[in-house]
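Colleague: Residue strings, one per chain:
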Amino acid sequence: MNNSVKLRLACRLRNRAEVRDEELLSKLLTKDWKVGVRTAELDGSIVKLLSLNPRRDEFILTLSLKKPEHLENLIKSIVRECWYIDIYYNFRGDDARRVAEALGVMFERKGVSEVKLSGVDLKVSAYPSHEALTVSYRVGWAEVSKGAVLKIHERLCGAPKSSILSRMMGWMR
Amino acid sequence: MSEEYKREHVFGIDYGTSDFKYGPITLGEVPEVVENRGYFVDKESLMSKLMDIRRDVIVGKELPLFLESRKSLAERMVYPMRNGVIGKDDWRAWRVVEELTKYALDSFAPGDEEFEGFYLVASVSMVAPRYMYEKLFEIFKRMNEERTLIKAATIIPQPLAVAIAHKIPTCVVVESGHGNSQICPISMYPIRDAVLALNRGGSSANILMAEILKDAGYGDLAKEESLVRRVKEELGLLPRELDSAIDYAKANPEKVRGRLRIPGTRIVIDLGEHSWTRFLVGEYVFNPNHEIFQSYFARGMPKPSDVKIGDTFFYGMMDMADAIIESVEKCPIELQPHLYSKILLSGGNFGWRVPEDLREVAVTSDLKLSSMLREKGIEDVEVRITEEPRFSVWRGCIVYGYAVPIDYEWDWNRMEGWLYLA
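Chains A and B, in that order, are what the protein sequence lines are. FYI, in numbering that gives the first Met the number 0 the residues of the first sequence are 0 to 172. FYI, in numbering that gives the first Met the number 0 the residues of the second sequence are 0 to 421.
One chain only, chain B, in its complex shape (with noise of 0.2 Å):
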């Protein structure tokens, strides 16, 4: 087997608390792009066995044909990654993420007698716990049960592959997706002390949106989580300064005016006088401290809470500036300037857009992180948001998976390299 034999057949996936993203070298610069997500189909009803569904788990592209009603979506759907971390007794969810790789492998997988296996690259959350690992080239091995579909695997925390990805050693990669946000000091590798985990992300912007949709009339509509995040990325704002927004919102309303067609029905959102909200949207993912927020905790959404999951510590209100300070002051004093010179923020809860005729109010993530340290005293700052920051981490995967030579065997001390499944 020959390092051109591995250029030609690296894989990258990377298992997002929302999205998975998967894909072969071959693919270029753009992934393919899934839900992390799996529906397990009942199969004692008389429906699926007049219509032969014989898998118990559906997941993809195809997954929105067998959902049935809205009551069993809460019951039969599983978000695998939610948190970043799976129990390890939590049987469905590593069913789901069996049934998510061998989808994503066997689509790519060429059927010439040539193919000999994927040099697969798998990215997990920083905060991933080692018996993850364990279940996961587990998993990596039962694909080869059938059909040999992996040659070796390897597998990378996802602030590491960021980093790989734009080829800087010693920055911060702040990683925020749909479930939590990390913040991960790199110099070389990972510090893993001085890790630090929010248990705020994507989501937590959809459920604030989803209390402003009631807000504005749309409480049925509220309940349809795929609809709120849509209306969340199409008109959540990220405030440059939230009071002086929602003063600026007030006095143009209709500059702010947030209304969406939902494409395909006759659905309308026109969030009309509540629209000034729409700066609320952003400003909580960095900072839900304000006190607006406090109304929306008193009339019952829930507050992001500090929880611990596996050995991490998931803070739940403390704002993105004092998470990244916090991180930053557990590495060596001589370190922390390079770390502050380089902050890359990485994941699909960073890619907040600006309307050309708002940019006065409304500013991109790295523009309000650099002030908001810069308020916190930290000067020399530099945010830099990725290119594409929700395939930052899938083409990291690509990059390590290109660069790490065939010879290079699994080490669980260092936890890198190939561990060889076929």
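Excised from the complex, chain A in its bound form (with noise of 0.2 Å):
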């Protein structure tokens, strides 16, 4: 898996966006971002606003993800402004067979799946002669506050390894 994860995000909105594009993010997110024009970071993690929508109750983000608990940190600031979130990921070559295994889809043929994980229903497109695989689901606050968002990116992505350190010395905890 790369060290970045690359991560689509549709948003849709309580309530109609009534600050300027600009501002959105700074009105949703926490203070740990640092929030730029139409982008914000986190200790390497960039968020950037794609476009909203001309009803302005939709938005799209794309994310680069540098460590999980950041996605969950996001989701957790926006999901209180809206209905739900769309999650996409886009996995290619090896990732993409890696993931469907751990999914148990078959890779080989074109189509879509449902896979069910943590209470959420995902679903899975393989196109094999591209080698690409998405996988997309949806979350609202239910799903978010029992945590399923962490579970699924680690199902999907792997849980960070652990450093070698913190693994030579686990027999002690």
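A hint or two may mislead.
Unchecked claim - Subject to a maximum C-alpha distance of 30 Å in a straight line, what follows is the list of computed DSBU-like cross-link-like pairs (lysine-lysine): (1) A:5 - B:140; (2) B:166 - A:26; (3) A:47 - B:213; (4) B:166 - A:30; (5) A:109 - B:341; (6) A:47 - B:341; (7) B:166 - A:33; (8) B:60 - A:75.
These are calculated hints, taken from the structure and not from any lab test.
If you follow the hints, you should be able to join the two separate chains into one complex; please do so.
Modeller: Written as structure tokens, this is what we have:
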């Protein structure tokens, strides 16, 4: 798995955004995030506002994620203002095969499958001729508060590896 | 049909002059890429019959498997978008476009019953005439004959897609691909009267690279276009200032030496004492007027010529800074400073690499163009290379498809909106 994972989030707002596009992230994110013009950064993870729809009740973010907990942090901050958030992962090459295997999905056949994970329905689309796999799911506050986002992320991208030192010392805990 | 369905099924296609970039919104940040070309199989040949090859045109990743001799390559390989414009009656080029479009959509179309076709956003050159839009829509309609692949389609010019991807409503987009370069000032919409095109792109640099390879003793390899392109991408450099870069290269031959091994073959290219010519490759794209290029023209290398294609005049030898200035000066004076302060460079032709130890003499495209514009008296210039310039058009298509509401129907006067096909 790559050093940073790239995701796309489509967020459906409860009310239409009344701030300018440039102000949306600062309105939604917690103070840990350094907010710039349409982008925000937290310890190497970068979120970008890709677009708001013309009705201004939905927006799309792209996220380049360094640490899984940043995803949870981001989702928790945004979901309070949203009916739901759709989270999209796209995997290519060996990563696509590995994720398909982890989810028990046939990668060699093009098509859409549904998989349940942590109480959430995942939609898995396989494109074997391009060696690509897309996984998407929808979360609202209920799923977020149960910690589903982090659990699913770890299942898809693998739990962060502990350092060799912590693994050596693990027996002491 | 809901906005939510559309959001899941936006599909972007960038008909680039060299590469064809495509894929649905769910692919994230990086589209699939194949070469924008098709190979017409000799269906009368005994081997085609024996092998039961039923298609007349081969496109996509498996194309190399069907290639025959080098001679037939020239006759049978068609690059439809070479200069961004396809002749109305060039049936072979249109056939390739149709096949590529089908190849792209087919490979991502889900098989489930819920699928009612993609919302396709296609992007073509800024200089594409109206009949190209009409022809493309006809092709899109035909896509649905066997199975519904396209719910609705729209077409946008490539520079507008770049501006959309970067959410910059006022800017100059310089899109430089394989076949040509387009300079397009944008103030909410492209300012069509100010668009300027150069008959120079990555292919011009390839032609020069081929000459350099011949001079260095690799005349046999210089005939293989894809190899020449690879050598250009790996060894070509963009000089900060050409004369001093050449002096530097001659004083530091080992530092500048260009050597390249082609993986999977026994080929090793070593430019040796000709390594200083690495700087010519980048310079030629930005300014082919330096006297050093005269020796190549004198030996028969074709000079980029001024040509008229459709209604558009493509300049051959105008340097890139002059082209930007001429284009911007066709816009209202009040707008000009805003345009100079946001110049976006997009397209694979701006991806010049700068090796760490050559930072003194080699530069990236944005720095080169900034200094060229400053030399010509333009102050407060900000030139930016788009993030992954090869893909910015495709990304713009995706953002555009997401943003245009489903009930905003195609209007031939405004040239925007969705044309429903299913």
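Colleague: A separate judgement is required for each hint: does it hold in the structure or not?
Modeller: Taking the hints in turn, this is what the structure says about them:
| no. | hint | in the structure |
| --- | --- | --- |
| 1 | A:5 - B:140 | 34 Å, violated |
| 2 | B:166 - A:26 | 19 Å, holds |
| 3 | A:47 - B:213 | 47 Å, violated |
| 4 | B:166 - A:30 | 25 Å, holds |
| 5 | A:109 - B:341 | 43 Å, violated |
| 6 | A:47 - B:341 | 20 Å, holds |
| 7 | B:166 - A:33 | 20 Å, holds |
| 8 | B:60 - A:75 | 42 Å, violated |
Of the numbered hints stated above, those contradicted by the structure are hints 1, 3, 5 and 8, listed in ascending order.
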